[in-house]
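**Student:** Each chain, letter by letter, is given below.
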Amino acid sequence: MIYLQDLLLDIKSLKVGTRLHISGVLYTARDAAHKRIINILDNKKHLPFQLNNAAIYYCGPTPVNKNGLCACGPTTSARMDLFTPRILSEGVKFLIGKGARSDTVVNIIHKMSAVYFIATGGIAALLSTTIKRIDLIAFKDLGPEAIYRLEIYNMPLIVAIDSFGNNIFNKKR
Amino acid sequence: MREIKFKTIVDSIVQLCADVNYVLPTDVLIALKKSIIFEKSLARTILEEIVENANIARNKQIPLCQDTGVVNIFVEIGNEVSIRNYNIYNAINYGVGLGYKEHYLRKSIVCDPIRRVNTNDNTPANIYLSLVAGDKIKISFLAKGGGSDNACAAKMFTPSSKWIDIKKFIVNVVASNGRNACPPLIIGVGIGGSFATVNHLASYTIFRTIGSKNENSFYREKEKELLTEINNLNIGPMNVGGKTTALAVFIKANQTHIASLPVAVNIQCHSCRRKTVII
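Taken in order, these protein sequences are the chains called A and B. With our numbering, the residue at position 129 of the first sequence is 150, and numbering never jumps. With our numbering, the residue at position 244 of the second sequence is 1138, and numbering never jumps.
If you are wondering where the hints come from, they were derived from the structure by calculation, not from laboratory data. Beta carbons: idealized from backbone N, C-alpha and C, even for Gly. Hints are not guaranteed to be accurate.
The list that follows gives simulated cross-link-like pairs (lysine-lysine, DSS-like), each with its CA atoms no further than 25 Å apart [unchecked claim]:
#1 B:Lys1001 <-> A:Lys161
#2 A:Lys36 <-> B:Lys934
#3 B:Lys995 <-> A:Lys87
#4 B:Lys899 <-> B:Lys1032
#5 B:Lys927 <-> B:Lys954
#6 A:Lys132 <-> A:Lys56
#7 A:Lys153 <-> B:Lys995
#8 A:Lys132 <-> A:Lys36
#9 A:Lys87 <-> B:Lys1001
#10 A:Lys153 <-> B:Lys899
#11 B:Lys1001 <-> A:Lys153
#12 B:Lys995 <-> A:Lys161
#13 A:Lys56 <-> B:Lys1001
Far from chain A, some chain B residues (derived; all Cβ distances over 10 Å) [unchecked claim]:
#14 Lys901
#15 Ile982
#16 Pro1007
#17 Arg1009
#18 Leu1025
#19 Thr1052
#20 Lys1062
#21 Lys1118
Produce the entire structure from the sequences given, and follow the hints as far as they go.
**Tutor:** Set out below in structure tokens:
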């Protein structure tokens, strides 16, 4: 198990294809939240969380149930490709989702020395057990597309694009 | 006439909302477990995670996937059933709204595709009614995630098209769209009918049990051929490479126009959340 803040100092140690368990703070953002974040940046208004060194998780969780658990797996990352260069240029270091990214995104991940992790899609019940705390922090009106701050512990992830631009989906098949 | 009450429909739908989202169908779970031995490294780990997830979801009553889906409901109403005191569409939607609220499921429906405001109760469901003989109502409930629905495709071929062209199209849909739609997949193929009905064929055939044989021997062979080609793509679980790209291919063919040859490919993710009940 490794903490995201420790990985910030050692981002080049992450190699494509490695599976690891991470802990730390993630911010959820899907299509609609990305649109709003970009809009806030364009209008130089106040952001709901600091993008610099942050980890963004492409996820729209279910409501928290009576046992305090919510299903929270990744959504398809490619839909966020359009927004990702801007997001990374603001200092976001970790992206978490599922599936392949565009060449543009791979290049910008390399350039900004960031990392893209994949979580297994459709295992939201398993991933729910890694959430220690969930707080809604912005865009409540978007429902599941709002921004949530997640404290996660021991979440299983795979390095899909590393800071050198190596891409798990690019292997010769 | 046998009367089936509003409340009976609502109660069945509420229960289905919970059942499909918490319990992976047995045939899907068995197919996933069987595929583990053919995989190694990351592909194997991912399949093991998927199986473990199914156990956690069932035992702790947590949704299998956070995308608890759009609800597609196929209803067969017997002609000896009376539902005259209420609107069946209202009953189903009332059940979906209640079920998604009571069971802490995600509300993923926006009321307009362009203006996009969430309806906050996951309704309306997509409801397909058909009339059959008998005094029962059969409800087939599918909760489908947006990611895999986005990966579906249809094409209007013409009668001179060869099987190899059709096969190439189906395999290409999996290779280009299906790889990001949470493989291992279940592929529903509709052939024939019209533009309106071919997508319905491809959608409803997902209710077939994995391992069941196509009643038509011609299409049984085509299913085998397609499954082999798709699994040779080396997409694998979650697109990390491997032998298990699809668990099954189901083909449903229908009559068509002399000028037409419609083909629809339904991409279903491994979290194939479907259940049928008969009232």
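**Student:** Each hint should be assessed against the structure and marked as holding or not.
**Tutor:** Hint-by-hint comparison with the structure:
1. B:Lys1001 <-> A:Lys161: 13 Å, holds
2. A:Lys36 <-> B:Lys934: 19 Å, holds
3. B:Lys995 <-> A:Lys87: Since the Cα atoms of Lys995 of chain B and Lys87 of chain A sit roughly 12 Å apart, the hinted pair holds (cutoff 25 Å).
4. B:Lys899 <-> B:Lys1032: 14 Å, holds
5. B:Lys927 <-> B:Lys954: 20 Å, holds
6. A:Lys132 <-> A:Lys56: 23 Å, holds
7. A:Lys153 <-> B:Lys995: Holds. Lys153 of chain A to Lys995 of chain B sits at ~23 Å (cutoff 25 Å).
8. A:Lys132 <-> A:Lys36: Given pair Lys132 of chain A, Lys36 of chain A holds - Cα atoms ~16 Å apart, limit 25 Å.
9. A:Lys87 <-> B:Lys1001: 17 Å, holds
10. A:Lys153 <-> B:Lys899: Judged against 25 Å, a Cα distance of about 44 Å means the pair is violated.
11. B:Lys1001 <-> A:Lys153: Status holds; Cα separation ~23 Å.
12. B:Lys995 <-> A:Lys161: 17 Å, holds
13. A:Lys56 <-> B:Lys1001: 20 Å, holds
14. Lys901: It holds; Lys901 of chain B is separated from chain A by about 24 Å at its closest Cβ, greater than 10 Å.
15. Ile982: For Ile982 of chain B, whose nearest Cβ neighbour in chain A is about 28 Å away, the distance exceeds 10 Å, so it holds.
16. Pro1007: 13 Å, holds
17. Arg1009: 12 Å, holds
18. Leu1025: Nearest chain A Cβ is 35 Å from Leu1025 of chain B, so the label holds.
19. Thr1052: Holds, since 32 Å exceeds 10 Å.
20. Lys1062: 17 Å, holds
21. Lys1118: The assertion about Lys1118 of chain B holds, with a minimum of 22 Å to chain A.
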